[in-house]
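Participant: Go ahead and model the full structure; you've got the sequences and the hints to work with.
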Amino acid sequence: MSAIPVSDFEQPWELPSRGRIGMLSLIIGESAIFTIFVVAYIFYIGRSVSGPTPQQVLDIPILNTICLLSSSVTIWLSERQIERGNMRAFAALWALTMGLGIEFIIGTWLEWKKLIFVDGLTIRTNLFGTTFYSLVGLHATHVVVGLIMLTFVLIFTLTGRLNHAHAERVEVLALYWHFVDAVWVVVFTVVYIVGR
Amino acid sequence: MADQTLPIAGTLGVTPQRSRSSRLLAWLHEWVITVDHKKLGILYISYSLIFLLVAGAEAICIRIQLAMPNNHFLSPEVFNRLFTMHGTTMVFLVGMPILFGFANYLVPLMIGARDMAFPRLNAFSFWLTAFGGLLLYYSFLGGFGLYGMGNAPDVAWFAYAPLTEKAFSPGHSTDYWALALIVSGFGTLGTAINIIATTLSMRCRGMTLLRMPLFVWLMLVVSAMTLVTITPLTAAQAMLVIDRYLGGHFFDTQAGGSAVAWAHFFWIFGHPEVYILVLPAFAIENEIVPVFSRKGIFGYPAMVAASVGIGFVSMGVWAHHMFTIGLTSVGNTFFVLSTMLVGIPTGIKIFNWLATMWGGRIRFASPMLFATAFIFQFLIAGLTGIMLSVAPWDWQLHNSYFLIAHFHYVLVGAIVFNVFAAIYYWYPKATGRMLDEKLAKWHFWLFVLGFHITFDTMHFVGFMGMPRQIYTYLPDRGWGPLNLVISIGGFIQAIAVLIFVYNLVHSYFRGKEAGNDPWDAWTLEWSTPSPPPVYNFATDPVVYSRRPLWDLKHPEDPDWKYES
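The listed protein sequences correspond, in order, to chains H and B. Counted the way this note's numbering counts, the first sequence spans residues 1 to 196. Counted the way this note's numbering counts, the second sequence spans residues 1 to 564.
Think of the hints as simulated: they come from the structure by calculation, not from any bench. Keep in mind the model is a prediction, meaning the values are calculated, not measured. Heads up, some of the hints might be wrong.
To be verified - Per label pair, the in silico range of CB-to-CB distance: (1) H/164 <-> B/557: 49 to 57 Å; (2) H/124 <-> B/312: 34 to 42 Å; (3) H/185 <-> B/312: 20 to 28 Å; (4) H/155 <-> B/554: 52 to 60 Å.
We put the beta carbon where it would ideally sit given N, CA and C, even for glycine.
Facilitator: In structure tokens form, the structure reads like this:
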């Protein structure tokens, strides 16, 4: 290459992080899955030919919602700690995030236990049961997957294998957690407010 | 590296000679554990070519059955299984993997990267896809199920509810269908994520978005579409599995569920899917037409804009598959207009390819032959598409052989033709040997002939009222002679494909040495040796224009002088 446009060398060559792009792509794809389930839920509201109906059996899970949404805040605070290399504070906030997530799963478990054994609503009882357990179950599955990944990070932190050099990877994982929380806002609105 | 001499004499030959069988095992092992994007690309493409032959054989069986009225070559049950498997295989096990195979092989090379963004995810995606395909075909053995009803899915490739519900499809064949598509869908999603991350984050210095080869641009659009298109299918399949295994009621009309919901969910996937398949064919066209016309692509920014435009518009046209199910008149109008809108960006593309060829010094080597036939056939496919987009016309001809002719014109006339073009074009890069040009010409002319005999004629039996998916028909319908012609065309295509397969094998051993750049092309993959080394580029390339190799070959008149 004899003659080269000089201007090209002066500009720095920076590209977006592949981890971030990959996770954002995954989130877009996951959003489409949730969209279909949410649309199905809305489409089938009030179409069950037999009971029980949402009005009869659903209670608004306020504590669950508060816990899950605040876990987004704690994970954000922990991201700031790992950027500064403050691993103790990071581990504490990370464990708190996990605790809030676990509370959400326990809350869902108690809710389902009541629905199944007290109200007699299972996935095959009626259309409401089918759409309810699929949508809320799909979201809960995502929370569980998120918790498993958070556990790995906590183990690596406690064994001292994680440091501030891994901040970006932790932030990519946190993106997923934020997504799971954001989906809950939609699921909560559709299932417990619009559909009830 | 093979061309370097070792500094110490006599160090070669230290490795003990292995026996023949262990060398074979080592070779297999290498392919199974590979994370190299080129090897995975070749795996994808070979996997799809094998299934192309399988699904082609299924099509031939269907054509023998339909060649004459009152024919009983197949039983009705087997006929249903064969057209279901033919459709499902061609879309999910041939179309998607072969195009992602090309993307895998070429995208990193074209953007000057050493591998994909996530090589291990790449390998994982391939093996998921491969497992999905095996799962689908295992249904021939395992689909018998508890009830002894049926083997292999027989619900057609769009599997309308409530036929797929447990009550109407007992046994496991439909489960294999649903699970296979879920599994390969995750594989596809992984590849799409990988291609997006690779294109956005792995470009070499100077490769700005508007200098990327159009192939890479189109693959980026395809992958972005895949993210929001394959996932609704996965969701719908999950609902179907919930219905079948857990007793859910999503598509159970007796419990308030809706069969139309399945149709919507399926076509929300199904229509963009057509564009996911055809955009890579455009991508191949974008690389081949300029090189064989000896001109740069005409209207690069318009091509990029048109591709992104197609991506967006294609998301809003799905219900044109459902005019006969019954929509409101507002719904009909919306989907008629949105479907016609797709004609604008695709028209831009056709005119740009023609303008690229206009005044060029065209070389009709085998890739260009297929690429030229593509333009004609895709134009006709587009025109019949516009005809079918008009709802009243669709009410007459929906699910007739006119529709079958239309979409085979797209899938074979456009996509398969360009897959062949791509193989002729990049085979020398992947293997280091040219494909035999004489056999290629035989392949091309026989395939064009067979294609037109089959699919042109199919439009007319459609006009005569022959519906799709029927097992046989009575002689007094008058469809017999034309169906015989269609079947003969099918056999001619089969012969052409066998010549092609022979050419692939023959040229691998006996083909002419290709060298780095047999076509005098301009994109980065031709700057590497053929086949490229594992690391692709010894030093990271730097590019200054859309045609980096043109700049290298013509330092006195480089492209970057003219590009802003």
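Participant: Going back to the hint list, which numbers does this structure go against?
Facilitator: none
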